[in-house]
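Undergrad: Each chain is listed here by its residues.
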Amino acid sequence: MSMVKKLSVWIGYLVVLLILPRLFDSILAISILNQMAIGIVFALSYNMLLGQGGMLSFGHAVYFGLGGFMAVHALIMIESETAYFSILLIPLIGGAFGLIAAIFIGSFSTHKAGTVFAMISLGIGELIAASSLIFVSFFGGEAGISGDRTFGPLFFGVDFAQDLEIYYLSAVWVFIATVFMYLFTQTPSGRMANAVRDNPERAEFIGYSARRVRFISFCASGLFAGIAGGLFALNYEFITDESLNAITSGRVLLMAYIGGLGYFIGPIVGAVILTLMNSLLSNYSDLWLLYLGIMFVLTVMFLPRGFAGFIMMHQVVWLRGNLKSLILPYLITGIPAAIFTSACIALVEMSHLEEEVFHYLGLELDPSATLTWIITIAIAAGSFYATRRSVGQLSDAWESANSFPDSEDR
Amino acid sequence: MAILSLKDVRKNFGETEIIRGVSLDIEPGEKHAIIGPNGAGKSTLFHLISGLFNVTSGTIEFKQNEIQNKTPYEVNRLGLARSFQVTNIFARMNVFENVRCALLWSCGYRYSFWHLLGKQHELNEKAMHVLEQIRLQDKALFPAGELAYAQQRALELGIAIASGAELIMLDEPVAGMSHSEAENAVELIRKITEGKTLIMVEHDMNIVFDVADRISVLVYGEIIATDNPENIRANPRVQEAYLGEVAVSA
Amino acid sequence: MLEVFIFATLNGLVTGLLLFMLASGLTLIFSMMGVLNFAHASFYMLGAYFAYSISQYMGFWAGLLFAPIIVGVLGAGVERYGLRRVHQLGHVAELVFTFGMAFLIEESISFFWGTDTKNYRYPDILNFPLFTLFGQEFSAYRGFMIGISIAIFIGLYYVLTRSRIGIIIQAAITHPHTVANLGHNVPLIFMGVFGVGTALAGVAGVIAGPVLTTFPGMAAVLGSIVFVIVVIGGLGSLAGAFIAALLIGLLQSYAIASDVGVPDLLNLLGLSFERSHPLNDLWTLTLPQVAPILPFLLLVLVLIFRPTGLLGKREQ
Ligand SMILES: Nc1ncnc2c1ncn2[C@@H]1O[C@H](COP(=O)(O)OP(=O)(O)O)[C@@H](O)[C@H]1O
Ligand SMILES: [Mg+2]
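Residue numbers (the numbering used here), protein chains in the order written: chain A, 4 to 413; chain B, 105 to 354; chain C, 11 to 326.
Please keep in mind that the hints were generated in silico from the structure rather than gathered at the bench. Just so you know, not all the hints are guaranteed correct.
Footprint (simulated), chain C over chain A, 3 or more residues, beta carbon under 8 Å [said to hold, decoys possible]:
hint, segment
1, 125-137
2, 285-298
Below, in silico cross-link-like pairs of lysine-lysine (BS3-like), each with a Cα-Cα straight-line distance of 30 Å or less [said to hold, decoys possible]:
hint, chain 1, residue 1, chain 2, residue 2
3, A, Lys9, B, Lys223
4, B, Lys167, B, Lys230
5, B, Lys111, B, Lys223
6, B, Lys111, B, Lys230
7, B, Lys295, B, Lys230
8, A, Lys327, A, Lys8
9, A, Lys327, A, Lys115
10, B, Lys230, B, Lys300
11, A, Lys8, B, Lys230
12, A, Lys115, B, Lys174
13, B, Lys300, B, Lys174
14, B, Lys167, B, Lys111
15, A, Lys8, B, Lys223
16, A, Lys9, B, Lys230
17, B, Lys174, B, Lys111
Which bits of chain A does chain B cover? Going by a derived footprint, with three or more residues having C-beta under 8 Å, they are [said to hold, decoys possible]:
hint, segment
18, 162-171
19, 196-202
20, 214-226
This structure is a prediction, so every number in the text was calculated from the model and none was measured. All C-beta atoms, glycine included, are put in the ideal place defined by N, C-alpha and C.
Please model the complete structure; the sequences and the hints are all you need to start from.
TA: Right, here's the structure in full:
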């Protein structure tokens, strides 16, 4: 990519970040945007480990949480005037603490990648989460700790009492963090992280200690996870043990994986999707975690490169000008698939409903009538059959769209 | 003064002794071939020298440094690079990145996270030059894991030679290549090891006699002869142990 | 003091054997397929829930018989239609897939059974004290748990060492690539091992449900500890898993039963600290408090100092 093109992508990213709260300005929307901001930095930091460094962590919340706790303590210190600095710098406090934790833990956990690393991360994660409930004076026990972000020196008269103000602050931090995480991938250490992920043995024969390379990625990842934790502290002004336990570790894994590990933007996509699901779906249905679970398992099985990978799959087709030839096949398979999904959701929801009437897609269904069930099941079965039948034409179309002018090699 | 010197090197895997007292001196600038039947321990010997395995006993000196207990990256940093018999590349990275990574340490970048690779013009030119040498410049942006077999072998070679190490060790570099591919590869090997020291394991006798100044014959973990090609060809023990077999099967 | 010790030992034994029942299936699956099944404890939970539902209609014993079978069939299905597909994508994908399954199973259980705690109880005929020692009762059900665990291990041991299929499995564990060459249907064996492994977890769930309470979080309570056990024991080593399971069961049980802590240590050393000391939490720490983190502490220590585990040979 040329310099100009790259620069314009970054400027576009910044503009989108800053313009979003103008487009969606309800209180709910701002709160969702704030969550997205946190999620993006956190998921990107996770991808430094798994996507770029090949280290599967089940305890990444440790760095997020420790950063967040330290950040809330910093807020408390500003409030009690034991420290005096602007809350603009709170994410840095979180980052510094995440980095310190990562240096300490990474010094012994990055010895191996693979299962050993995954298990150590799990053990450390559980250890810290359990300890957080024991050391009440720092972690505040089950209730957690809380601070107030409106103290300290004002920033051009802004006291950051409003969520919108915090969003702009977060957006700038998200932008900075994204730029630095991207630049990291372009450095010798960042590139060697890929090499070590692919083939740690060979990396040692070109002069690099695989362990040292992993350690550097690990520390960088801890730093940015801590920054995300700092953003969390700023946004919510409180933090509990949930932020460093397995729930949060699992969530970031989901975000990065659903978004797509192999691509820099993957985790951003994942963070956006998951935050939206979390905030919007949970309003409509108590069962959204079930849907999330199903979606996650299906993603792992059928879209191993995540949503970003799915989008990127079309790049070649697009470059060859064949994208149009895919529209019809996509519709032919996509429509019955969408009907099938909706019918299944209807079945699931109806079986779980307490009300008399089930409002769904503009319809009013009566879950107590057998006929409703029969019809829904029939629709599900019919659309499933149609989907199955039409998958063949889609993959044919896909193949011909991909293979057109390319007749060289292999 | 030998650049590489092995003294009574032994290696056991459990009970079995695979390398049984190998002593060998390689002179600077020498092109040395190691031949021997399958399972003789040639690859194991390479692993011992390059630091992948620890020796059971004996010493290995490279440029007057004892390296038998060093890790592969320490050995590599001293100026020893190698290729593998089984293709061993960075499969998910593209061809250019594969080669550029192989150049990083020797170009002094170490574990830097403050240099942007895109701006390192000298480094990138070097990497492109290596790609030209191994004739993969058209495939620069192609994922290494998706190359054809011969191209992967070429890349394997490229990673080994990229850093310009003084001592290059190639483990069956042309195995599995077609005749013309192998010819190209040999030509390339000859060119890039000019003025350098080469140790090569190779089965194809034509290539060995063509490239090597000296040949060692390894049989069951022991070197039964080290000499120049003519003498090796004439050596009755070698003929009995090894060449006879090949001559029959060839 | 002695009674505390004896009861702690017995309780530790119960927990340890239960943990081993889970760990043995996990170890078998890992040895065969090289995948650590994150969802293993979820199958244990499924066992408890199925047994609960069956026991509502047909009593506890029917649950003990049928629930593990259902769980085993489900497990085999997960292998056949899920894991087998993901297998080609590599270890990370497999591990992530089983992680997703754990998540999905927990949510499915909340969906089908609700999020409340189930009143799953052991049968009345086992509801009597097996013996009374120093005025404390040891319930017959716990004795039954010990008995059934031991019976299963003996059975498993016989199958693995004496039967044809057991010998194939052992061969597959030590020489993963050769079994296919011998003409055995490896995918079928994989599916069978996965089914049996998850069924074992199901049995553990059936018998643990009544004492450890049957609720959607019960997998999370044991899940990571079972992981800890197979890693501490050495990935792929059944004997190691057995030792580690008992070790952790007893360790936790003793820690909970003990009433010593840092204050006692400080007393011994003649030190004391103000309550307002910033590290007050540390000075007042007691062993029962840290009991939950002991397994993880042990895990981290083992992985740092002996990454292969107590009896393990393979690292990955
Ligand atoms: N890691 C190992 N563990 C046990 N035995 C090994 C190992 N690596 C190689 N061997 C054995 O050492 C012998 C020599 O192997 P190798 O060095 O690959 O031979 P060559 O390269 O000469 O064909 C073979 O018998 C092989 O089975
Ligand atoms: Mg060899």
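Undergrad: For every hint, state whether the structure bears it out.
TA: Going down the list of hints, with the structure as the test:
1. 125-137: It holds: at least three residues are needed, and the segment 125-137 of chain A offers 8 whose Cβ sits within less than 8 Å of chain C.
2. 285-298: Answer holds; 6 residues pass the 8 Å Cβ test.
3. A:Lys9 <-> B:Lys223: Measuring from Cα to Cα gives roughly 14 Å; hence the hint holds.
4. B:Lys167 <-> B:Lys230: holds, 26 Å
5. B:Lys111 <-> B:Lys223: violated, 45 Å
6. B:Lys111 <-> B:Lys230: violated, 37 Å
7. B:Lys295 <-> B:Lys230: holds, 16 Å
8. A:Lys327 <-> A:Lys8: holds, 25 Å
9. A:Lys327 <-> A:Lys115: Roughly 46 Å separates the two Cα atoms, so the pair is violated.
10. B:Lys230 <-> B:Lys300: holds, 18 Å
11. A:Lys8 <-> B:Lys230: It holds: about 26 Å lies between the C-alpha atoms, which stays within 30 Å.
12. A:Lys115 <-> B:Lys174: holds, 19 Å
13. B:Lys300 <-> B:Lys174: Holds, at roughly 22 Å.
14. B:Lys167 <-> B:Lys111: holds, 14 Å
15. A:Lys8 <-> B:Lys223: Distance ~16 Å between Lys8 of chain A and Lys223 of chain B Cα, so the pair holds.
16. A:Lys9 <-> B:Lys230: Given that 30 Å is the threshold and the Cα spacing comes to 24 Å, the pair holds.
17. B:Lys174 <-> B:Lys111: Judged against 30 Å, a Cα distance of about 16 Å means the pair holds.
18. 162-171: Per the Cβ count (0), the hint is violated.
19. 196-202: Answer holds; 5 residues pass the 8 Å Cβ test.
20. 214-226: holds (count 4)
Hint compliance for this structure: hints 5, 6, 9, 18 are not met, and every other hint is.
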